[in-house]
Amino acid sequence: MDMLPLAYRGVGKFVAPLMLALLASCATPATFQGMVADRYDVARQHPVSVSVRTSGGSETSATGKTQISNNEFAKALTESISKSRVFSRVVPSGGDYLLQVVIVSLEQPTFGGTFTVKMEAGWTLKRSDGTVVWQEAIRSIHAVSVEEELVGVTRLRVATEGAARENIKKGLAKISRLNL
Amino acid sequence: MNKRLVALLGVLALLLSVAGCANRATGSLTPGASLAGIKDYYVVHQPKDTHGLDQMIKDQLVKMGYTAKIGEEHAPPYQADAVVTYVDKWQWDITMYLLELTVTIRNPTNNYPLATGNSFHTSMTRKSPQEMVDEVMTNIFAAK
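Residue numbers (the numbering used here), protein chains in the order written: chain A, 1 to 180; chain B, 1 to 144.
Since the hints were made in silico from the structure, they are not lab data.
Just so you know, even glycine gets a beta-carbon here, dropped at the ideal spot from N, CA and C.
Be careful, since some hints might not be right.
Claimed, not checked - In silico DSBU-like links for lysine-lysine, alpha-carbon gap of 35 Å or less: (1) 69(B) - 174(A); (2) 144(B) - 170(A); (3) 48(B) - 174(A); (4) 170(A) - 69(B); (5) 126(A) - 83(A); (6) 118(A) - 63(B); (7) 69(B) - 118(A); (8) 89(B) - 75(A).
Claimed, not checked - To give a feel for the contact side, a few chain A residues facing chain B, derived at Cβ under 7 Å: (9) 55; (10) 102; (11) 104; (12) 105; (13) 122; (14) 135; (15) 137.
Could you build the full structure based on these sequences and the hints that come with them?
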């Protein structure tokens, strides 16, 4: 910086933090760990296996907003089923049932203090012969305040993961009440 | 120095409150769903919509060769082949503009989503509400 003309000396003091702040502003994708709940409301544990398919998700671009990828959502769903024991086990394919979850919409804020994310997903449970046993659109919501998470892009990721976590909790709770 | 500090704090405050920015336009079909055979649509009016988006969606459907009507939300079943719902998000930047529009086509018996489309344009690339409706509906019906 000493090589710069006198008028520009000291610019580095501001450029460096600005660059760091800009890097910190890059969007990060929702992680499966953030979408798995600690506890589940399970009425009945079904002694059958299930395969899981997810769709409707998308990858996160650095300049965009946090998105939920199909892969991370499937991992979260698999982990949540294992944790809640709604089904006895999750198999890659050929399970007694097939659970298909499609992310329909993710409503996210662009600016603000408390970030509230709303999510809707279409849940379908089929028998191995393709018969639809249950189908429902499930909506969930999660808000994260500035006190909980200071940086905007991180706050959005945490709020998005929370909405997905709530959606999975609601979906599994409904499945646990089915007579399979 | 104070001016620089204020400017830096301003930038930091902005970064702490901004969630991200980009444009996108998507349309997708729920796996196993098909819009073929759907001729008659019921567009659900959103009570907070004061911009007539329901009418624009209805007009777009009619332009595409379908029949459509607008009505209030109620418990299913709806008297139509499919239900159309939408979520509009507006933002102010010199003037109000439509930041994001999500349209979902649903099963009239249980509201299960069959297809959805979304358009998101920030201020620099803003589109008129009519253009946003056109873009979303085109993407939905082009989805496979």
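Outcome of the hint check:
1. Distance restraint check for residue 69(B) and residue 174(A): the Cα-Cα separation of roughly 33 Å lies within the 35 Å cut-off, and the hinted pair is therefore satisfied.
2. Between residue 144(B) and residue 170(A) the CA atoms are separated by roughly 29 Å; this keeps the pair inside 35 Å, and the hint holds.
3. Of the supplied pair hints, the one linking residue 48(B) and residue 174(A) holds, its CA atoms being roughly 30 Å apart against a limit of 35 Å.
4. A distance of roughly 33 Å separates the Cα atoms of residue 170(A) and residue 69(B); the hinted pair therefore holds under the 35 Å criterion.
5. Only pairs whose Cα atoms come within 35 Å are accepted, and residue 126(A) paired with residue 83(A) is accepted, the gap being roughly 21 Å.
6. Proximity of residue 118(A) to residue 63(B) is assessed by CA-CA distance (about 31 Å); at most 35 Å being required, the pair is judged to hold.
7. Note on residue 69(B) and residue 118(A): the hinted pairing holds, with a Cα-Cα distance of about 27 Å set against a maximum of 35 Å.
8. Restraint check for residue 89(B) and residue 75(A): satisfied, since their Cα atoms lie roughly 31 Å apart, inside the 35 Å limit.
9. Given the 7 Å rule on beta carbons, the hint for residue 55(A) holds: about 5 Å separates it from the nearest Cβ of chain B.
10. Below 7 Å, beta-carbon pairs count as interface contacts, and residue 102(A) has one with chain B at about 5 Å; its hint therefore holds.
11. For the restraint placing residue 104(A) at the interface with chain B, the shortest Cβ-Cβ distance is roughly 4 Å, inside the 7 Å limit, so the hint holds.
12. Interface restraint check for residue 105(A): the shortest CB-CB distance to chain B comes to about 5 Å, inside 7 Å, so the restraint holds.
13. The interface hint given for residue 122(A) holds, since its Cβ lies 5 Å from the closest Cβ of chain B, which is under the 7 Å cut-off.
14. Given hint, residue 135(A) at the interface with chain B, holds; its Cβ is 5 Å from that chain's nearest Cβ, closer than 7 Å.
15. The beta carbon of residue 137(A) is positioned within 7 Å of a beta carbon in chain B (closest approach about 5 Å), and the interface hint is therefore held.
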